Amino acid sequence: MKKVGLADTTFSRFDYAPVVLGVLSESNPEVEIVRYTVPGIKDLPVACKRLFQEKCDIVIACGMVGKMPIDKQCSHEASIGLQSVQLSEAKHILEVFVHMDEAKNDKELASICEDRARKHAENVLMLLFDQKKLQGRAGTGRRQGKEDEGPLRLG
Amino acid sequence: MKKVGLADTTFSRFDYAPVVLGVLSESNPEVEIVRYTVPGIKDLPVACKRLFQEKCDIVIACGMVGKMPIDKQCSHEASIGLQSVQLSEAKHILEVFVHMDEAKNDKELASICEDRARKHAENVLMLLFDQKKLQGRAGTGRRQGKEDEGPLRLG
Amino acid sequence: MKKVGLADTTFSRFDYAPVVLGVLSESNPEVEIVRYTVPGIKDLPVACKRLFQEKCDIVIACGMVGKMPIDKQCSHEASIGLQSVQLSEAKHILEVFVHMDEAKNDKELASICEDRARKHAENVLMLLFDQKKLQGRAGTGRRQGKEDEGPLRLG
Amino acid sequence: MKKVGLADTTFSRFDYAPVVLGVLSESNPEVEIVRYTVPGIKDLPVACKRLFQEKCDIVIACGMVGKMPIDKQCSHEASIGLQSVQLSEAKHILEVFVHMDEAKNDKELASICEDRARKHAENVLMLLFDQKKLQGRAGTGRRQGKEDEGPLRLG
Amino acid sequence: MKKVGLADTTFSRFDYAPVVLGVLSESNPEVEIVRYTVPGIKDLPVACKRLFQEKCDIVIACGMVGKMPIDKQCSHEASIGLQSVQLSEAKHILEVFVHMDEAKNDKELASICEDRARKHAENVLMLLFDQKKLQGRAGTGRRQGKEDEGPLRLG
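Residue numbers (our numbering), protein chains in the order written: chain Y, 290 to 444; chain W, 290 to 444; chain E, 290 to 444; chain B, 290 to 444; chain V, 290 to 444.
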């Protein structure tokens, strides 16, 4: 059975776990889930590293990024760390980061979080079990957190 | 017994050690503490590396960041280094960095330093001994250095 | 027979595969192609790593970059990851990244994508089979995605 | 006997070596010094790597940074390299970088260079022989290149 | 006999090879030269890695950087890669990067390219054969691509 890691943070104002667990629970074949919560996004790379040490095949890392320039810098550092973990393990980490300045209010922010988490949880399953389906979507302008843009319109 | 590293700097205008040591001294189970002081934040990553070589299970790295653009660059370099150490050790470093431009005056700055150090020292203990408690806080908008923001308000 | 990896994304609004496969299919000597599709550009480095694990000799990584500052940051993180993979494998990854703000409309964007993908697919073949030809082009101001600028005009 | 590396550049308009050698020559216990001069700051990381290969216990890396944005970028790349060397060796490199835009004129620039080099040479000795003294200075607002700021004033 | 790698690009509008080869051909002792041409600056790090695999003792990496912000980002990624190669090999790569916005016209740009390439080729030889000469130049404000600035004027 494939093992999926879910890493999240106490900093985030949105609880991604129910969304991700909802998608993963409907997977066929079934997947095992291991969860790891840390304070903030900069703690996610080592959390993912440890999830891979527990034999996860893939990890979904969920975090929220504040509005200040320093927060952007932190997200950059976290993402560099996530790259490093992926390459040392040769395994995917899907990054569900939502920036607080992506939305005008809490409701819109929650909607972005939900959409991004759900679609990336679906991507987790495609990467594990259905790479042909992902390949069929190449170049089709898929978006997580908002509506798909679709392929270029050349007509 | 778990061993906690405390790395700090002579550059900082706030002495984080009493705050951190205060929280850690009340830990149950008891923890052993190893301290390492360096000149500035860019010296912290190798200090942490050496603390892990002395068998620390986790490190709390406390520093202060100046107000100039070059200081931001230094904090970025320090943070990239801290990511690298964490991933090579697969162990957490909680970063207590306070930027001098976060506050209007020395008093406010001290208050931010104290709050961030205290809460991250508590996070150290939860990461070591009580991951279930951290998980219960996922998505609840916790902040270190200021008041919690709480979960998104959707009502 | 040489093996070429093609990594692409579902985020992209342009489907690079037909262009790349077209060029590679005309290669003499013949090349084997392995394809790997991922959600976005930040997933490309680990996709390339895995393509090298499948014995690819070189990889062409095709992605599209959005218009927002955060998208630029993502492309930077992806590129750092691609550097890291190349150096650990000592093998080339040609990066076909097109930024959505390079063009005024969808038609121009498609034309940039096509040109960049085609020329870099040609570069893949030169790197594999004809390094002398590349050397003959050194310092001649070649461009992918637009017209060549040519050598400096000193007359 | 401890061995100290001194790396410097031909790009710098200030000759740091006499200042550093002056401080180190007064060390008790005595230290051995190995020197390595390179063209510019981006050549310093590998110079430091090679100094550690010659069994240095610590290195002081002295460079000057130009005034243009590209110079800032170069200093960032050099600093990332210096982080990487330190972590692979688990040994300190004290970075004495002076930016040409820190001063209004050559005289002020020389004074910053002298002060920063001297105080970091003193830090080298404390890191090697007197970590307790450094610890006593934690949180006291020490500065290299200008006057100490001192601890936060809370009165 | 020492082996020098020369890596260059087809993107560059200036052909650095004749300048570099001219300087190296006059070296006493004689050096062997290995050349590797790639499409652009982001392909240089792995080219250098491969030159070291062919037993080069040092590499000179010549590239040109476009005028757009994305070009600056690419040069940063290339430079980070070059740092990484140098540190894994503990060998120098002298970076001859000329930015297209350094000059007002093609003629001035060619002159910067020629000067930077020639002086760094001379640095290659000093690093290989005459480190004492480099040390004698420490702190003397040497520049590649323009006139030396000389040491600080304190009179």
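Don't take every hint at face value.
Identical copies look the same in the list; a pair holds intra-copy or inter-copy alike.
Below, in silico cross-link-like pairs of lysine to aspartate or glutamate (EDC-like), each with a Cα-Cα straight-line distance of 20 Å or less [to be verified]:
id, residue 1, residue 2
1, Lys380, Asp404
2, Lys344, Asp404
3, Lys422, Glu436
4, Lys396, Glu438
5, Lys291, Glu378
6, Lys356, Glu436
7, Lys292, Glu403
8, Lys422, Asp304
9, Lys421, Glu321
10, Lys356, Asp390
11, Lys380, Glu343
12, Lys422, Glu438
13, Lys435, Glu378
14, Lys421, Asp395
15, Lys356, Glu438
16, Lys356, Asp437
17, Lys356, Glu315
18, Lys344, Glu438
19, Lys356, Glu391
20, Lys291, Asp437
21, Lys421, Glu397
22, Lys356, Asp395
Treat the hints as calculated values from the structure; they're not laboratory data.
Model, not experiment: these values are computed from the prediction.
Checklist entry - 20 Å Cα cut-off: does Lys422 pair with Glu438 within a copy, between copies, both or neither? => result Answer is within: at 18 Å inside a copy they meet the 20 Å cutoff, but 40 Å across does not.
Checklist entry - When no copy is named, should Lys292 and Glu403 be tagged within, between, both, or neither for a Cα gap of at most 20 Å? => result Answer is neither: 22 Å inside a copy and 39 Å across each miss the 20 Å cutoff.
Next on the checklist: For Lys344 and Glu438, with the copy left unspecified, which applies at a CA distance of at most 20 Å: within, between, both, or neither?
Outcome noted: Neither, since 36 Å and 34 Å both go past 20 Å.
Item to check | 20 Å Cα threshold - placement of Glu436 relative to Lys356 | outcome: Classified as between: cross-chain Cα gap 16 Å, same-chain 23 Å, threshold 20 Å.
Next on the checklist: My question is about Lys422 and Asp304: at a cut-off of 20 Å on alpha-carbon distance, are they close within one copy, between copies, both, or neither?
Outcome noted: The answer is between: 15 Å across copies meets 20 Å, while 28 Å in one copy does not.
Checklist entry - Given identical chains, is Lys380 near Glu343, meaning Cα to Cα at most 20 Å, within a copy, between copies, both, or neither? => result both (13 Å within a copy, 14 Å between copies)
Next on the checklist: Regarding Lys344 and Asp404, is the shortest C-alpha distance of 20 Å or less found within a copy, between copies, in both, or in neither?
Outcome noted: Close neither inside one copy (28 Å) nor across copies (36 Å); limit 20 Å.
Item to check | Copy assignment of Lys396 with Glu438, given that the CA separation must stay at most 20 Å | outcome: Between copies, since 15 Å is at most 20 Å while 22 Å is not.
Checklist entry - Is it within, between, both or neither when you check Lys435 against Glu378 at 20 Å Cα-Cα? => result neither (30 Å within a copy, 36 Å between copies)
Checklist entry - For Lys356 vs Glu315, is the C-alpha pair at or below 20 Å within one copy, between two copies, both, or neither? => result For Lys356 and Glu315, neither the intra-copy (34 Å) nor the inter-copy (35 Å) Cα distance is at most 20 Å.
Next on the checklist: For Lys356 and Glu438, with the copy left unspecified, which applies at a CA distance of at most 20 Å: within, between, both, or neither?
Outcome noted: For Lys356 and Glu438, only the inter-copy Cα distance (13 Å) is at most 20 Å; the intra-copy one is 25 Å.
Next on the checklist: Please sort Lys356 with Glu391 into within, between, both or neither, judging by C-alpha distance up to 20 Å.
Outcome noted: Both ways: Lys356 and Glu391 sit 9 Å apart in one copy and 14 Å across, limit 20 Å.
Violated hints, in rising order: 1, 2, 7, 13, 14, 17, 18, 20 and 21; the structure is consistent with all others.
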